[in-house]
Structure formats: C-alpha cells, structure tokens
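Student: Just need the whole structure built from these sequences, with the hints factored in.
Residue numbers (our numbering), protein chains in the order written: chain H, 771 to 887; chain A, 122 to 265.
Partial chain H-side listing against chain A, Cβ under 8 angstroms, derived: (1) Asp794; (2) Ala795; (3) His796; (4) Leu831; (5) Gly832; (6) Leu863.
Calculated from the structure, these hints are not laboratory results.
Keep in mind it's a predicted model, so treat the numbers as computed, not measured.
Just so it is clear, CB atoms sit at the ideal spot from N, CA and C, and this is done for glycine as well.
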Amino acid sequence: MNEFKVAIRENESAHVLDLMGYLDAHTAPILEEAFQSMIGSGKFRIIVNCRDLTYISSAGLGVFMAYIEDVRENKGDIKMSNMTPKVFQIFDLLGFPMLYDIVNDERDAIAKFAALS
Amino acid sequence: MIHNHLNTQPSTITIPSRTERLNDVRQFVAQAARVCGFKDEDVNNIMLAVDEACTNIIKHAYNYAPDESIEVNVGMREGDFEIVIADRGKNFNPENVPPPDMKEYMSQYRRGGLGLYLMKKVMDTVDFQFKANRNILRMTKHLH
Numbered sequence: 771m772n773e774f775k776v777a778i779r780e781n782e783s784a785h786v787l788d789l790m791g792y793l794d795a796h797t798a799p800i801l802e803e804a805f806q807s808m809i810g811s812g813k814f815r816i817i818v819n820c821r822d823l824t825y826i827s828s829a830g831l832g833v834f835m836a837y838i839e840d841v842r843e844n845k846g847d848i849k850m851s852n853m854t855p856k857v858f859q860i861f862d863l864l865g866f867p868m869l870y871d872i873v874n875d876e877r878d879a880i881a882k883f884a885a886l887s
Numbered sequence: 122m123i124h125n126h127l128n129t130q131p132s133t134i135t136i137p138s139r140t141e142r143l144n145d146v147r148q149f150v151a152q153a154a155r156v157c158g159f160k161d162e163d164v165n166n167i168m169l170a171v172d173e174a175c176t177n178i179i180k181h182a183y184n185y186a187p188d189e190s191i192e193v194n195v196g197m198r199e200g201d202f203e204i205v206i207a208d209r210g211k212n213f214n215p216e217n218v219p220p221p222d223m224k225e226y227m228s229q230y231r232r233g234g235l236g237l238y239l240m241k242k243v244m245d246t247v248d249f250q251f252k253a254n255r256n257i258l259r260m261t262k263h264l265h
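Tutor: What follows is the structure in structure tokens.
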C-alpha cells in the first residue's frame, strides 16, 4: 500500500502540514483535503514540512499548484521546508524553486511569516 | 558474468488499473533497476517516470475504470534499461499534445500535463505507439 499521512500543527505565525510517506496519484486527495480544510477555515499562512516525505509525483505537485493562488490572493503563502535532496530534485525539475518559497528549515519559514505580522 | 546474464532477462508485472497499485509498480521497477546496477538517483527517476506513465494510463487511457490491466516489462537491452508499458485503453498519445512552455505553464499554476514533461526530463527516450489495439510506451535509460 502507498502509505501517506498529513498532520496539522499550529504555531505562533503559521499552520504547519507535516507530510509523511508517499505522495502520488493515489494519496494526493489526502493532501487536497488538508488544503481545503485549511483554506475553508481561513488559514492562509501554511508551511509544508517535507522532512518525512519519501516520494512525490506530479499528482502531488499539482496539489500545491491548485491552491497557491487562492492562498496568495488572501495575503498568505505556502512555504515548503526540510526537503530531502531526493524530493527536492523532483520539485526542481518542474521549476518550483522559482515560484515557491522553499527553505531549508521550518524555523526559517516561521521567521518569514512572523516578519510579516 | 552470471550476474550480467541475469540482468538482461526481461521481467514483467501486470497490475489492475488502480492508483493504489502504483506503489507495487514503483517497487518492481526500482528493484529491477538496482539489480541492473543503477545508482539511487537514476533508480528514483526511473520509478518516477513509470509512476507518471501508469498514472496517465489509469486517468486518460482507461478513464479510471478499475479493472483493466497495465503490463510493465523491464529489461536491459544493449546497455539501456528498457521499460515497455502496454495497455488496451483508448488510443492515447500525449505526444500529439504540443509541449507546454514550462515557465509560462508553471507561472500560471496549471495542473495536469506535467507527467509527460517529467518522463521526458528523467528518461533518455520516451516513445509512444498504438499497435494491435494496444498503447505501447517504450522508455529507456542508459546505464553509465
């Protein structure tokens, strides 16, 4: 089975989605649901911590693309952190670093959001 | 040398057209690529290309019908790892679709169509044919 989980945490400046496991066409709806619930409840400052994300395909990448505009229109952002080199390589192939804020560590993303407050 | 001989033997997995089986296909091709001597980065890229190809088949060729089949055949041929993926779905040739200008495409945050782009990025060759009512996708990756 393709194991994938999302856990949501809240800190002082943003909400953090911890991704775990394999994000592909089978599991992408789980991430989609998480984004819908965040955006539906007016949470637009989102950090996606990819430390335990083992794998991502274009189906997973598409989820980030689906929500980024909504989030930015509401003065928020989706910032990504703690990517393994293997996962970063796939984001990089599609040019994500040009369009998304990808930082080394979750704390960097928190600081960036805090600076806006 | 015995090891090399074994490497060249093709092997096949057939899965039903369900996304829950993507992981099985990824593990199958990753194992085969490792046995053939590919390093982690290439193994990851081969897994990604096969995942994208099967996802496209499930979505577009079979339109999510869950009980059709996808056959994935892998083996070494003249120094290349060759993957042949066959299905009996709708004639689906993504090459008929002009390649997007990725910079413009990504800046508009459009979804879909990224799978083929990734397949071509990470594999050396990607070729689609429709023969005897089957879509045949052949991809290769050179073993350095």
